[in-house]
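K.L.:
For this one, chain A is given, so just place chain B on it according to the hints.
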Amino acid sequence: GAVVSQHPSRVICKSGTSVKIECRSLDFQATTMFWYRQFPKQSLMLMATSNEGSKATYEQGVEKDKFLINHASLTLSTLTVTSAHPEDSSFYICSASDPGDTEAFFGQGTRLTVV
Amino acid sequence: SQKIEQNSEALNIQEGKTATLTCNYTNYSPAYLQWYRQDPGRGPVFLLLIRENEKEKRKERLKVTFDTTLKQSLFHITASQPADSATYLCALDNQAGTALIFGKGTTLSVSS
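As they're listed, the protein sequences go chains A and B. Remember, my numbering sits 51 above the position in the first sequence when you count from 1. Remember, my numbering sits 4 above the position in the second sequence when you count from 1.
In case anyone wonders, no lab produced these hints; they're calculated from the structure. Keep in mind that the hints are not guaranteed to be accurate.
[As the list claims (entries may be wrong)] Now the in silico label distances, taken between C-beta atoms and shown as ranges:
no., chain 1, residue 1, chain 2, residue 2, range
1, A, P59, B, E60, 36 to 42 Å
2, A, N102, B, S115, 43 to 49 Å
3, A, I63, B, P86, 31 to 37 Å
Note that the Cβ used here is the ideal one computed from N, Cα and C, for glycine as well.
Here chain A stands alone, though its shape is the one from the complex (with noise of 0.2 Å):
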C-alpha cells in the first residue's frame, strides 16, 4: 500500500513556542490530506482537511489560527502548532489517500508534550 511519512515521532517544547509537524506522501501525490488529533483512549479527531494550493478547511471548534496548515506540494503538508500550551499535549495524526483509493494511509504520528 501507499506509504505516508510523518516527522518528527516525538517532540517535546516549552509553552508559547511553536512546533511544526510534516506529512509527506512518499510514493503517490495526494491533492488532499487529513489531519487528526487523539487524546488518550479516545477516537481520532478530525482536526482539519489539507487541500493542496488552497486554504485548509477546519473542523468547528478547531481554531485555523493556531492550528496552521500549510499544504505546499503534492506530497507535503504541514501542521504547525503556534503558541503550544500544555493542554495542547496529544498525539497528531495526518493520513492520506491515493486518488482512486476509499482506505487511507496513516503517518507514524506526532506525540507532542508541551512542558
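P.N.:
Quick look at chain B alone, frame taken from chain A:
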C-alpha cells in the same frame, strides 16, 4: 450528526478463540465502512473495507459483516493470536464524503 459506537472499550480472549468486535452507527447511511488496527503510539493501519451492497468480506483470518438495516458491522478475528492484541477502529466516511470519522476503538488482548 453522525455517531459511531464500538460496543466495548476492551475485550480479553484466549489464544485460538474467535474475537468479535461490534461497530454501530446512527444518523447516517454510509457508502462503505472500514476497519483499522492501531498499535500503541502508532498511526492506524487499514485492514478491510466493506461496501453497503456487500454483506460480508474476508481476508485471511479476518471477516467483516455489514448490516445496513441494523446499522451495524461485526469484525471477527478467527484463531486469534497474541500478536492480534491491538486497538481496532471502525471508520465511516463523513456525510460530505471528504474524510473519515472514527469510533473510539476496542482494545483486544489475546492471552496465550
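K.L.:
Are the hints correct? Go through all of them and say.
P.N.:
For each hint, the structure was consulted:
no. : hint                            : in the structure
1   : P59(A) <-> E60(B): 36 to 42 Å   : holds (41 Å)
2   : N102(A) <-> S115(B): 43 to 49 Å : holds (45 Å)
3   : I63(A) <-> P86(B): 31 to 37 Å   : holds (32 Å)
The structure meets every hint from the earlier list without exception.
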